[in-house]
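Each chain, letter by letter, is given below.
2 protein chains.
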Amino acid sequence: MLFRFGLDFVREDKDGRSVNLREFLGRYVVLYFFPKAGTPGCTKEARDFQQYLPELSALDAIPVGVSPDGPEALRRFAEKEGLTFPLLSDSDLSLARAYGVAKDKGVQRATFLLDRAGVVRYAWSKVKVPGHAQEVFEAVRKLHETDSFLNPLIFVRRAKRAISSEPVPQEILTRLIEAAHLAPSCFNNQPWRFVVAQGEVLERVKKALPGGNYWALPAPAIVAVAAHPEQDCRLSDNRDYFLFDCGMAVGFLMIQATQMGLVAHPIAGYDPIAVKEALGIPKDYVLITLVVIGRPGDPEKLSEKHRAIELGPRERKPLSTVLGWNRFPEG
Amino acid sequence: MLFRFGLDFVREDKDGRSVNLREFLGRYVVLYFFPKAGTPGCTKEARDFQQYLPELSALDAIPVGVSPDGPEALRRFAEKEGLTFPLLSDSDLSLARAYGVAKDKGVQRATFLLDRAGVVRYAWSKVKVPGHAQEVFEAVRKLHETDSFLNPLIFVRRAKRAISSEPVPQEILTRLIEAAHLAPSCFNNQPWRFVVAQGEVLERVKKALPGGNYWALPAPAIVAVAAHPEQDCRLSDNRDYFLFDCGMAVGFLMIQATQMGLVAHPIAGYDPIAVKEALGIPKDYVLITLVVIGRPGDPEKLSEKHRAIELGPRERKPLSTVLGWNRFPEG
Numbered sequence: 001m002l003f004r005f006g007l008d009f010v011r012e013d014k015d016g017r018s019v020n021l022r023e024f025l026g027r028y029v030v031l032y033f034f035p036k037a038g039t040p041g042c043t044k045e046a047r048d049f050q051q052y053l054p055e056l057s058a059l060d061a062i063p064v065g066v067s068p069d070g071p072e073a074l075r076r077f078a079e080k081e082g083l084t085f086p087l088l089s090d091s092d093l094s095l096a097r098a099y100g101v102a103k104d105k106g107v108q109r110a111t112f113l114l115d116r117a118g119v120v121r122y123a124w125s126k127v128k129v130p131g132h133a134q135e136v137f138e139a140v141r142k143l144h145e146t147d148s149f150l151n152p153l154i155f156v157r158r159a160k161r162a163i164s165s166e167p168v169p170q171e172i173l174t175r176l177i178e179a180a181h182l183a184p185s186c187f188n189n190q191p192w193r194f195v196v197a198q199g200e201v202l203e204r205v206k207k208a209l210p211g212g213n214y215w216a217l218p219a220p221a222i223v224a225v226a227a228h229p230e231q232d233c234r235l236s237d238n239r240d241y242f243l244f245d246c247g248m249a250v251g252f253l254m255i256q257a258t259q260m261g262l263v264a265h266p267i268a269g270y271d272p273i274a275v276k277e278a279l280g281i282p283k284d285y286v287l288i289t290l291v292v293i294g295r296p297g298d299p300e301k302l303s304e305k306h307r308a309i310e311l312g313p314r315e316r317k318p319l320s321t322v323l324g325w326n327r328f329p330e331g
Numbered sequence: 001m002l003f004r005f006g007l008d009f010v011r012e013d014k015d016g017r018s019v020n021l022r023e024f025l026g027r028y029v030v031l032y033f034f035p036k037a038g039t040p041g042c043t044k045e046a047r048d049f050q051q052y053l054p055e056l057s058a059l060d061a062i063p064v065g066v067s068p069d070g071p072e073a074l075r076r077f078a079e080k081e082g083l084t085f086p087l088l089s090d091s092d093l094s095l096a097r098a099y100g101v102a103k104d105k106g107v108q109r110a111t112f113l114l115d116r117a118g119v120v121r122y123a124w125s126k127v128k129v130p131g132h133a134q135e136v137f138e139a140v141r142k143l144h145e146t147d148s149f150l151n152p153l154i155f156v157r158r159a160k161r162a163i164s165s166e167p168v169p170q171e172i173l174t175r176l177i178e179a180a181h182l183a184p185s186c187f188n189n190q191p192w193r194f195v196v197a198q199g200e201v202l203e204r205v206k207k208a209l210p211g212g213n214y215w216a217l218p219a220p221a222i223v224a225v226a227a228h229p230e231q232d233c234r235l236s237d238n239r240d241y242f243l244f245d246c247g248m249a250v251g252f253l254m255i256q257a258t259q260m261g262l263v264a265h266p267i268a269g270y271d272p273i274a275v276k277e278a279l280g281i282p283k284d285y286v287l288i289t290l291v292v293i294g295r296p297g298d299p300e301k302l303s304e305k306h307r308a309i310e311l312g313p314r315e316r317k318p319l320s321t322v323l324g325w326n327r328f329p330e331g
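These protein sequence lines map, in sequence, to chains L and C.
Take the first sequence: its position 133, counted from the start at 1, is 133 in the numbering used here, and no numbers get skipped.
Take the second sequence: its position 119, counted from the start at 1, is 119 in the numbering used here, and no numbers get skipped.
No lab work stands behind these hints, which were simulated from the structure alone.
Treat the numbers as computed from the prediction; the structure is a model and nothing was measured.
Hints are not guaranteed to be accurate.
[Stated by the list, open to error] In the DSS-like style, the derived pairs of lysine-lysine whose C-alpha atoms are separated by at most 30 Å in a straight line are:
#1 L:K142 x C:K105
#2 L:K142 x C:K103
#3 L:K44 x L:K80
#4 C:K80 x C:K36
#5 C:K80 x L:K126
#6 C:K283 x L:K317
#7 L:K142 x L:K301
#8 C:K103 x L:K128
#9 L:K142 x L:K128
#10 L:K128 x L:K80
#11 L:K126 x L:K207
#12 C:K126 x L:K44
#13 L:K103 x C:K80
#14 C:K128 x L:K128
#15 L:K103 x C:K126
#16 C:K126 x L:K126
#17 L:K126 x C:K44
#18 L:K301 x L:K317
#19 C:K301 x L:K128
#20 C:K283 x L:K126
Build the full structure now, drawing on both the sequences and the hints.
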């Protein structure tokens, strides 16, 4: 119940307009199901959310009420109670069914808090109205605060070297490339080309790795990332975008890998000519990185130096050396 | 309760070893609090989790039991019941307090499901033991499945142009750069330099934008991203890493921005010499992008062409034209 994308539903609102829940993306959505407009419980619940509307708006959150009532009943309800947030008509109960709150011929009172990306992050079932709006508001406040922290996947990602030889299914590898392919690029040129090496071809690629990259040898897959300088913007003052755009794509690939429990470690240490030959990458493409892919392995199999890096703290320059406010950092 | 990082706690385990919950990062953690080893309810709960251990392991999940018992009592309990998963001693109840499940001098029976990044994604309070392990397993199964989908932030990110002039607080801007600074780079060179332009300096930067970037004019901040080619790897076959590494950093910045409800739109259309002058960026650095930052604005203020892009579907080449299996894509 907590994990679903809850957004791709079109419903008629109280003004008879077709609304796709997707329109609310980017805000926190308090999606609340109520049984019947105008009844005492539903009236109090709606008034409570209306009362919290300023606080919720300040946190970028919007309540959206859903009931089996028709649009006209919802319009009258909103008018009588002065409700200014969206009310959606779910006459056929399919939205309620998708959220698991359809009951007999109606709905259970239930509330879902969706984050800015449309993921259900909190669910209340069998809601009791008194105090509910405040409880929801507190949850929105916490979620808003948490989202101002560093993204957890960015935070935990490390360029790990301990990789197991366990195979990674093709659909999971595909997902990595799909994520990379969603990166932006100059003029939407999408200059990146990915070659996923597996099996015998992968063995040829591994022969092009120097001894220092011994740790990549168990990996069940390697993604080669290549681009042609002329297939992306080349602008004044040495601004070549093909490598920058590939970098954004690989950034997304790593986030997706981390979410799926994979190591995705981009390396620069390889013989590019040999790898290009092995993968049929044309000579005039730049093979900018090999991303070593696999499940986490046993750090004990790493060299002493690499094990220390693997298990030690992440090393970064002080932020002040890379960030300047209104002027270049002194660093 | 649902939103906390729950990992930075060191506890003694049943073998007297100090365990930091952080060690479990990368796996799903079923963190379950139980009142007292050896009592009937706690025994059944532990047996149930032990029984589900193969299924949980297959999904990369591990149960971790926590109770106020001392390590020796936990060791005896594990031995008697044949428990092979970690049991942690929380004698001073501080872990229980952090999770809000301390009660009088003990703990409430409660379970938390943490995702691979250590975020609590599901919580069960006042747990009834019968059927609980199965319910938890079902939740792990769903979470595992959801995590194999595209990352929601990658999925919803768009290079939006409708930006409001509402100010963005300095700590939020800092968080963007912190996220970018966590990207990997060749030999950990961290070649990126960020200059955040605001106020009068920002106005000078905006003067360097061409008419087509009119939409960026309301933005309350712009992040300039620059790097020096010699401050990062330059390897054979035209492999220059400074721009690629900056790309990965900007990829992370965009994910963080999306999580915080911000637009972060990298652009290439600007006079680089003028912007470098305005921000004191040395001439020998490449100013690869300006990332336009702000809260989402009103699409009605965009040109007709840009409004159509903003509200239309995302355009990407077919995956088969950018992805090849063991050989370069034909595309």
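Going down the list of hints, with the structure as the test:
{"no.": "1", "hint": "L:K142 x C:K105", "in the structure": "holds (28 Å)"}
{"no.": "2", "hint": "L:K142 x C:K103", "in the structure": "holds (23 Å)"}
{"no.": "3", "hint": "L:K44 x L:K80", "in the structure": "holds (13 Å)"}
{"no.": "4", "hint": "C:K80 x C:K36", "in the structure": "holds (14 Å)"}
{"no.": "5", "hint": "C:K80 x L:K126", "in the structure": "violated (40 Å)"}
{"no.": "6", "hint": "C:K283 x L:K317", "in the structure": "holds (23 Å)"}
{"no.": "7", "hint": "L:K142 x L:K301", "in the structure": "violated (41 Å)"}
{"no.": "8", "hint": "C:K103 x L:K128", "in the structure": "holds (24 Å)"}
{"no.": "9", "hint": "L:K142 x L:K128", "in the structure": "holds (21 Å)"}
{"no.": "10", "hint": "L:K128 x L:K80", "in the structure": "holds (23 Å)"}
{"no.": "11", "hint": "L:K126 x L:K207", "in the structure": "violated (60 Å)"}
{"no.": "12", "hint": "C:K126 x L:K44", "in the structure": "holds (28 Å)"}
{"no.": "13", "hint": "L:K103 x C:K80", "in the structure": "violated (45 Å)"}
{"no.": "14", "hint": "C:K128 x L:K128", "in the structure": "holds (21 Å)"}
{"no.": "15", "hint": "L:K103 x C:K126", "in the structure": "holds (25 Å)"}
{"no.": "16", "hint": "C:K126 x L:K126", "in the structure": "holds (16 Å)"}
{"no.": "17", "hint": "L:K126 x C:K44", "in the structure": "holds (28 Å)"}
{"no.": "18", "hint": "L:K301 x L:K317", "in the structure": "holds (29 Å)"}
{"no.": "19", "hint": "C:K301 x L:K128", "in the structure": "violated (43 Å)"}
{"no.": "20", "hint": "C:K283 x L:K126", "in the structure": "violated (64 Å)"}
Of the numbered hints stated above, those contradicted by the structure are hints 5, 7, 11, 13, 19, 20, listed in ascending order.
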